[in-house]
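Asks: Residues per chain are reported as follows:
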Amino acid sequence: MPYLSGKETVKEIRRALSNPNIQSDPLRYRNTVLKVIRAMSQGVDVSDLFSEMVKACATVDVVQKKLVYVFLCSYAHLNPELSLLVVNTLRKDCLDPNPMVRSLALRSMTNLRLPSLVEYVEQPLTAGLRDRAACVRRVAVLGWAKLHNLQPGSEIDATVVNELYSLLRDPDPVVMVNCLRALEEILKEEGGVVINKPITHHLLNRLKECDIWGQSEVLRVLQRYRPQSEDELFDILSLLDSSLVSPHPPVMAATLCLFLSLCSSLPAVSQAALERVRGSLLAACGSGSREMRFTALCHIQLLLRSVPGLLGEHYKRFFCSYAEPAYIKRRKMQVLVELVNDENVVMILDELKGYCTDVNTDTAQAAISAIGRIGRSYSDKCLEILTGLLGLKRDQITSAVVQTLCDLVWVCPQCSDTVSLALEGCEEVLQDSQGKQALLWLLGMYGERVSSAPYTLETFIDGVRSEASLEMKMELLTSTMKLFLCRPAETQDMLGRLLHYCIEEERDMCVRGQALLYYRLLHCGIEETRNVLQGRRSDPSMGVLIGRPTEPINRWVSSFNTLEPLKHCSVETESASRGSPEHLASIPKPNTDLPDKLDCRQLEIVHSEEQLTIWELNFRALNVPTSVQIAKFIKQ
Amino acid sequence: MIHSLFLISHAGDLFLEKHWKSVISRSVCDYFFEAKEKAGDPENVAPVLQTPHHYLISIYRGKLFFLSVTQTEVPPLFVIEFLHRVADTFQDYFGECSESVIKENTVTVYELLEEMLDNGFPLATESNVLKEMIRPPTILRSVVNTLTGGSNVGGILPTGQLSNVPWRRVGVKYTNNEAYFDVIEEIDAILDKSGTTVFAEIQGVIEACVKLSGMPDLTLSFMNPRLLDDVSFHPCVRFKRWESERVMSFIPPDGNFRLMSYHVSSQNLVAIPVYVKQNISFLETGSCGRLDITIGPKQTMGKMVEGLMVTIPMPKSVLSVNLIATQGTYTFDLTTKVVLWDVGKLNPQKLPNLRGSLSMQVGAPKPEENPSINIDLKIQQLAISGLKVSRLDMYGEKYKPFKGVKYVTKAGKFQVRT
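Line by line, the protein sequences give chains A and B. Each residue of the first sequence is one higher than the one before, counting from 0 in numbering that gives the first Met the number 0. Each residue of the second sequence is one higher than the one before, counting from 0 in numbering that gives the first Met the number 0.
Where hints are given, some of them may not hold.
Okay, derived cross-link-like pairs now, DSSO-like style, lysine-lysine, Cα gap no bigger than 30 Å in a straight line [what the hints assert, rightly or not]: (1) B:K297 <-> B:K192; (2) B:K37 <-> A:K566; (3) B:K102 <-> A:K315; (4) A:K392 <-> B:K365; (5) A:K315 <-> B:K210; (6) A:K315 <-> B:K409; (7) B:K102 <-> A:K54; (8) A:K380 <-> B:K365; (9) B:K20 <-> A:K91; (10) A:K6 <-> B:K20.
Okay, the calculated beta carbon distance ranges per label pair [as the list claims (entries may be wrong)]: (11) B:E242 <-> A:R27: 56 to 62 Å; (12) A:P151 <-> B:A10: 37 to 43 Å; (13) B:A10 <-> A:E11: 25 to 31 Å; (14) A:C509 <-> B:A10: 44 to 50 Å; (15) A:R223 <-> B:S220: 39 to 45 Å; (16) A:S557 <-> B:K405: 34 to 40 Å; (17) B:G11 <-> A:E80: 36 to 42 Å; (18) A:N30 <-> B:N255: 28 to 34 Å; (19) A:T360 <-> B:K302: 40 to 46 Å.
Derived from the structure by calculation, the hints contain no laboratory data. Glycine included, C-beta positions come from ideal geometry on N, C-alpha and C.
In isolation and in its complexed conformation, chain A is listed as follows (with noise of 0.2 Å):
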C-alpha cells in the first residue's frame, strides 16, 4: 500500500540518506538512493528528499548518478534554487574524458529544464556540438532544441541556427538526424527547417545510413520538397523506391506518404506506388502486433477511397479470426464492405454472416450492418441473411437487423416487399428504443402490407405514458399518421387516442407541437394529409447507389501516416448505419423543382449537424422536405 505508507516511507529514506554511516559506505548510500527511485515509480511523492538527493549527487558512482539525475529531472521544477546545486557538478562531469558520462551530463543538464539555469548550460552545450564523440553531439543537438523550448518567447540564437545547419553534414546519421528534429523544433515558427536542393538531396543520399526512425523523420521532412523539374523528380523517386518496399510498416508508410505528395499531378504514378505497397501493406495486416494491424486497416481504408480495386482479390486477408479484439473486427468488416465485387460477394457475405452471432455485441451489429451496406448493391443474397437472422429471436440481432432494414429500403425500395412480410412479429423481441424507432418507421412506411401494423402500434400507443424517448414518441405519432391513411378503419381509434395524449398531457414542446401540426393538418381534409405525408417516395428511378465516388488522391493524402484515419471510431460506425452520406446525397434530388426558399433550409440541414438526426427522422418519416410543414404550419 504505498499511497498509505508514503510519508513513513519518506521519512525513514531521509534518515537513511543523512546517516552518516551510510553516506559513508557507498554501497548502502546507492541502495538507498535506489529506494527513493522505486518509491518515486509507485507514486509516492518524494519530492521532499530534494535537498539529499542533491547532495548524493556529488559521486564518482555513474549509477547512482543516473539514479539521482532520473530524480532531479522529475522535481526540479518544484526546487529552483537547490538545483542549483547541482549544476556545478554537472558542468564539471561534462569534461570527464569518458564520452559516456559527458553525454550523461549534457542530457541531464537540458533535462532539469529550469529557465533559470540556461545561462549556465549554454556553453557546455555549444562546446558538445563540437565533441570527438558522436553521443556528445547527438546529445547537444537535441539539447539547442529542449532550450529553445524553454524559452520560447526569446530569440533565436542565429549562430547557433548556422552551426545546426553545419552539423546536418555531420558523419554520424543519428547526429544529422538529431540536427533536423531539433532546426524543426526551433525554427517552427518560419515553418521549420529550410528544405532546399542541396539538403534534400543529401539527405536523400544518406537515406540508407540512418536507422528506421532517422529514416521516417527525413522523409516526412522531405515532403516539403517541391522538385524543380520532372527529370529531378523522377531521379528523388527512384532513389526512394526501395524504401517503398521496406519491410518496416513505419518507413514504407512515410515513404509512400512523401510518393504521394512529390507525384499529386501524376496519377498514373501515384497509382503504381499504391500498386508497389501492397504487398507491405498486406503483410502489415498480418503482421503479429494487433495495433500495428489495426494502423495498417486503417490507412488501407484511406487508399480505397480512391483505388477501390486495389485489394480486392486478397480479400481474404480480412477475414477476422476468432480472438481479435473488437476494434479490429471491425475495421476489417469494414474494409470487406469496400471490397466487395461480383465474383467474391458470395464468399465474404458467408463470412460476414457468421460474425452477426458473435458474442460481442458491438461485432455483431457491425457486421449486420455490414451485411446492410452490400445489401445496397446486392439486395436480394444479404435480404435472405437478414431476414434469416430475424429468425434467431434475439433482442440485440434483432433490432440491429430492423435499423439496417430501414436504411435498405430507403436506398432499395425495391426490397420493401421481403422487409414487409419478414417485419411480423419482430416487435415482441425488440427491447431497445433505437430498434424500435426502426420498426415504427418500417411500419408506418409499409403498414398496409404488413396485417399486423395495427394491433402492433396499439401496444405501444397503450404504453406511450411509460414511454421516455422523444425519438420514440415522435416516430409513433408520425407512423400512427401513415398507418390512419391507408387503414383508417383500423386506425382510427387509436389515433384518437395518441393525438389527444400527445397534445393535451404530453409535456416536451416537439411532440406537443407535431401532434398539433398533425391534428391541425387532419382539419384541412384526407386529401391534403395524404399529400403531406404520402408524398413522393425515394425516387426508384435513381437506381441503386454502389458506395461512393471515388475520391482523388489528394483529397487524403495530408491525413496519410498520421493519427487522423485512426480516430472517432465510434463515430464512423454510426454514421455508417444511420445518417450516411447516400441520405444526404439524396436529398436535393427529389425536390428540384420546389420553391427556391427551400435551399438555405437543405443548407441549415447539411450544416447543423447536431439537429441532423432529428430534421432527418422528421424528413424520413414524411418524404416530403421539412419546409413544407413549416410553411404549413404558419398559414395555419
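On the provided structure of chain A, position chain B as indicated by the hints.
Replies: Positioned in the frame of chain A, the structure of chain B alone reads:
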C-alpha cells in the same frame, strides 16, 4: 514526439512512468482507464485515444499496457513500432516482459528508457548497442555487484556506435566458431465446418545464433527462394543482393538475432498438417450437449506431429463436461470454461478421439454460436512451406566454422470452426 510513457498492468495499476519532456500528470491516464472500463476485456481497448490535450497511443503486450502520450500529431505506425521495440528490449534483457520483472529491475528499465529516447526522439534502439552501454542483469553479476559495489553500466563507449557495421562490435573472439540457424514456421489458418480452408498463411522466421570470431561475411542461399512473399530482413542483410540473386549476404551481429521473417500466403502452397472431424451440438431442450472430436494427420510430409494440444472455449452456459479421451488428458477450467485437451504425439494408426456430454445451466437458452477449436502442434525437422537452406558460405575469415540448420513447424493461430 513521444512525450511520456506509462506502464500499466492489465488490472489497471500504473506502476512506472517516464517523461522525456516536461512532466505530465498521471491524471492523463484517467481517459485510458475510462476506455478500459468501457471495453471490458483489456484486449479490446483501442490503441489510439484522443483526449482534449493529448493523444494516448498504447500497445498491449504480456498483460501490460505500454501507454505513450504525445502532444502533437505523430505517425502512428512509428510510435506503435517503437513501443513494441521497447517491449522487445525488456524481453531481451529480462527474459520476459511482465509486471513483476519490470518492478524488480526498475533501475535498469529507467536506464534503458533514458538511452532509448532523448527529448522524445528514438536514440539507441539496437539491442547490441544498448547491451554494451547497460549490461543485462544476470544472477552472477547481481551477486558480484552487491558484494563489490560494481555496476551494470558499461565503462567504455560502445564501439559499435561508431563503426561502419553498427550491429557488430569489433574484436569478437571465440574458441569454437559456430553458426546455427533455426527455420521456424507458424501456420495461421481458419478451417470451416467441413474442413475446407477459409484462410491459411505461413509466418516464418529464421532465428540465428552466430558465434564467429572477427568480421565474417556470410552468404546463405535457399533451394527455393521464390516461395517467400513479404520478406523482412535484419538490417545487416544486403537487400540489393537479395533482389538480384535471391541470396542472403550479410555480416552477422554477434549472438542471437532474428535474421529474417517472411510470409507464404498463396493458399495452395500452405499445407494443413492435420484434419479435425468434429461434432459439437447443443440440444434445444434437456440442457445438455454432445461433443465428439477426432484428429488425424493430413499433409505431414511423413513427419511426426508432436505436442498436439486442443483448446475449446465453451459457451458460458456450460456447467461441466463429462468426456473420455482415447489418448492424452483433458481438463476443464470452470472459471474460463475452456476445455484443454493435451494429446501429445499423433499416432496415424490410432487416431485420438475425445467424446462425451456437456451439461448446461438449466433454463439457459441454446448458445447462439458454436465454439471454435484452437489447435496447437509442432512438427520437428520440417518447414511446412518446403523452404530449404541449400548452403552457407563464409568469407573474410580463415577458420572453418561449425554450421547447423534446424527446422520446426508450429501452429500459430490455427482454428477450426464448428
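Asks: Next, verify each hint and record whether it holds.
Replies: Now for the hints, and whether the structure bears them out:
1. B:K297 <-> B:K192: Satisfied, since the Cα-Cα distance of roughly 16 Å is no more than 30 Å.
2. B:K37 <-> A:K566: With Cα atoms ~17 Å apart, K37 of chain B and K566 of chain A stay inside 30 Å; holds.
3. B:K102 <-> A:K315: It is violated: about 42 Å lies between the C-alpha atoms, which goes past 30 Å.
4. A:K392 <-> B:K365: holds (12 Å)
5. A:K315 <-> B:K210: Between K315 of chain A and K210 of chain B the Cα gap is close to 42 Å, so the pair fails against 30 Å, i.e. violated.
6. A:K315 <-> B:K409: holds (22 Å)
7. B:K102 <-> A:K54: holds (26 Å)
8. A:K380 <-> B:K365: It holds: about 27 Å lies between the C-alpha atoms, which stays within 30 Å.
9. B:K20 <-> A:K91: Status holds; Cα separation ~24 Å.
10. A:K6 <-> B:K20: At roughly 28 Å apart (the allowed maximum being 30 Å), K20 of chain B and K6 of chain A satisfy the hint.
11. B:E242 <-> A:R27: 56 to 62 Å: holds (59 Å)
12. A:P151 <-> B:A10: 37 to 43 Å: Cβ of P151 of chain A to Cβ of A10 of chain B: about 40 Å, so the range 37 to 43 Å holds.
13. B:A10 <-> A:E11: 25 to 31 Å: holds (28 Å)
14. A:C509 <-> B:A10: 44 to 50 Å: Hint holds: Cβ distance 46 Å, inside 44 to 50 Å.
15. A:R223 <-> B:S220: 39 to 45 Å: Roughly 43 Å apart at Cβ, these two residues keep to the hinted range, so it holds.
16. A:S557 <-> B:K405: 34 to 40 Å: violated (49 Å)
17. B:G11 <-> A:E80: 36 to 42 Å: Holds, at about 38 Å.
18. A:N30 <-> B:N255: 28 to 34 Å: holds (32 Å)
19. A:T360 <-> B:K302: 40 to 46 Å: Since T360 of chain A and K302 of chain B have Cβ atoms about 44 Å apart, the given range 40 to 46 Å holds.
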